Amino acid sequence: MKRIFKGNNRKSADLTLTVMASQDIATRITVARDRDSGRRIYEIRVRETDYENAAAHLAAYGIENNATLPPTPAVQPFFFRSATALFLVLLLSLIHIISIRAGLHDRLVFHFGVSTYFLSQGETFRAVTALFLHSDTRHLLGNATGILVLVGPLMRLTGPGTGSLMLLGAGTAGNLIAASLGRGAAISIGASTAVMGAAGILAAFQAASGRRGIKRLGPIAAGATLMAMFSHGERTDIAAHLFGFLAGVAVGFIGLLPVGAIKGSLFRLRWEILMVCVTLAILLAALVQARFLHHIVGV
Numbered sequence: 001m002k003r004i005f006k007g008n009n010r011k012s013a014d015l016t017l018t019v020m021a022s023q024d025i026a027t028r029i030t031v032a033r034d035r036d037s038g039r040r041i042y043e044i045r046v047r048e049t050d051y052e053n054a055a056a057h058l059a060a061y062g063i064e065n066n067a068t069l070p071p072t073p074a075v076q077p078f079f080f081r082s083a084t085a086l087f088l089v090l091l092l093s094l095i096h097i098i099s100i101r102a103g104l105h106d107r108l109v110f111h112f113g114v115s116t117y118f119l120s121q122g123e124t125f126r127a128v129t130a131l132f133l134h135s136d137t138r139h140l141l142g143n144a145t146g147i148l149v150l151v152g153p154l155m156r157l158t159g160p161g162t163g164s165l166m167l168l169g170a171g172t173a174g175n176l177i178a179a180s181l182g183r184g185a186a187i188s189i190g191a192s193t194a195v196m197g198a199a200g201i202l203a204a205f206q207a208a209s210g211r212r213g214i215k216r217l218g219p220i221a222a223g224a225t226l227m228a229m230f231s232h233g234e235r236t237d238i239a240a241h242l243f244g245f246l247a248g249v250a251v252g253f254i255g256l257l258p259v260g261a262i263k264g265s266l267f268r269l270r271w272e273i274l275m276v277c278v279t280l281a282i283l284l285a286a287l288v289q290a291r292f293l294h295h296i297v298g299v
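The opening position of the sequence shown corresponds to residue 1 in the numbering used here, with each subsequent residue numbered one higher.
Keep in mind that a hint or two might mislead.
Calculated lysine to any residue pairs in the SDA-like style (CA-CA distance at most 25 Å, straight line) [unchecked claim]: (1) K6 - T18; (2) K2 - R33; (3) K2 - L58; (4) K6 - T30; (5) K11 - S22; (6) K2 - E52; (7) K6 - A59; (8) K11 - R47; (9) K11 - M1; (10) K6 - R40; (11) K6 - D34; (12) K6 - Y51; (13) K2 - R28; (14) K11 - A55; (15) K6 - R33; (16) K11 - T30; (17) K6 - Q23; (18) K6 - A208; (19) K2 - T49; (20) K11 - A56; (21) K11 - E52; (22) K6 - R47; (23) K6 - I29.
Simulated from the structure, these hints should not be mistaken for laboratory data. The structure presented is a predicted model; accordingly, all values stated were derived computationally and were not measured.
Can you make the complete structure from the sequences, with help from the hints?
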């Protein structure tokens, strides 16, 4: 028998079998696993007497003989390859140091931390601003480590603009949901909600990369385990971590659409610039709302 198809694209393999069946052409399929990538390799053969007829029909359907999906880019979790992640760590550190040395830390936490009470008063900006404040140096270092380990790979997969917007969206959504379901006036701060969001986004990306059926749940379960490991501590806001992770999973699946559709280096550059502008606009809007509301109440 002669090979008519070989590749790791299952859809093309299934379509090849369908075309052959419609023409009553006998086939034999073998499935092996590539040692390097771990992907399944499909090989379909037909009788030599049917080869020309089979090839003609495949050509009519536009199916290539060697249909191969592009390899998934390997992302090494080395933070120093992501300037954006390092910038975020430096920004959070600078905010914390200045607030401590200027004696403004407690005041900033009160005015910009997120809580159920303040959220019920319409101060939704707190879901954004709370991400940039930390209770002490230990709190800051813990989140900085999470940013370097998780946000770095995210930025290299999506780009600095898209990644920043997805990160901000997941962190903000996590804070909003956690505070909406909570009670009292306890104030929550820290970038950990966004860090858990990054874990959720990466888990969603992995779940959508060639996995089928129940195998899609593997990366989600691994991400949830990671989230649980980082959710221990006396002052840890477990609800914010949980909803940050879940929001990240949702944002990850939604974000796959534009990330996968972007083609061409010039268009990608313009897209990333646009996403940076949108992210900055959201941050500015939060600060403007904070300033406006504090002015109204005389703070």
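Verification of the supplied hints:
1. K6 - T18: 15 Å, holds
2. K2 - R33: Distance of about 20 Å is within 25 Å: holds.
3. K2 - L58: With a Cα-Cα distance of about 14 Å, the restraint between K2 and L58 holds, given a limit of 25 Å.
4. K6 - T30: 10 Å, holds
5. K11 - S22: Distance ~16 Å between K11 and S22 Cα, so the pair holds.
6. K2 - E52: 10 Å, holds
7. K6 - A59: 15 Å, holds
8. K11 - R47: Holds - the C-alpha atoms of R47 and K11 are around 22 Å apart, at most 25 Å.
9. K11 - M1: 22 Å, holds
10. K6 - R40: Judged against 25 Å, a Cα distance of about 11 Å means the pair holds.
11. K6 - D34: The given pair, whose Cα atoms are some 12 Å apart, holds under the 25 Å limit.
12. K6 - Y51: 14 Å, holds
13. K2 - R28: 10 Å, holds
14. K11 - A55: Measuring from Cα to Cα gives roughly 17 Å; hence the hint holds.
15. K6 - R33: 12 Å, holds
16. K11 - T30: Holds, at roughly 15 Å.
17. K6 - Q23: 20 Å, holds
18. K6 - A208: Satisfied, since the Cα-Cα distance of roughly 23 Å is no more than 25 Å.
19. K2 - T49: 9 Å, holds
20. K11 - A56: 19 Å, holds
21. K11 - E52: Judged against 25 Å, a Cα distance of about 22 Å means the pair holds.
22. K6 - R47: With a Cα-Cα distance of about 15 Å, the restraint between K6 and R47 holds, given a limit of 25 Å.
23. K6 - I29: Within the cut-off at roughly 10 Å; holds.
Hint check: no violations occur; every hint is consistent with the structure.
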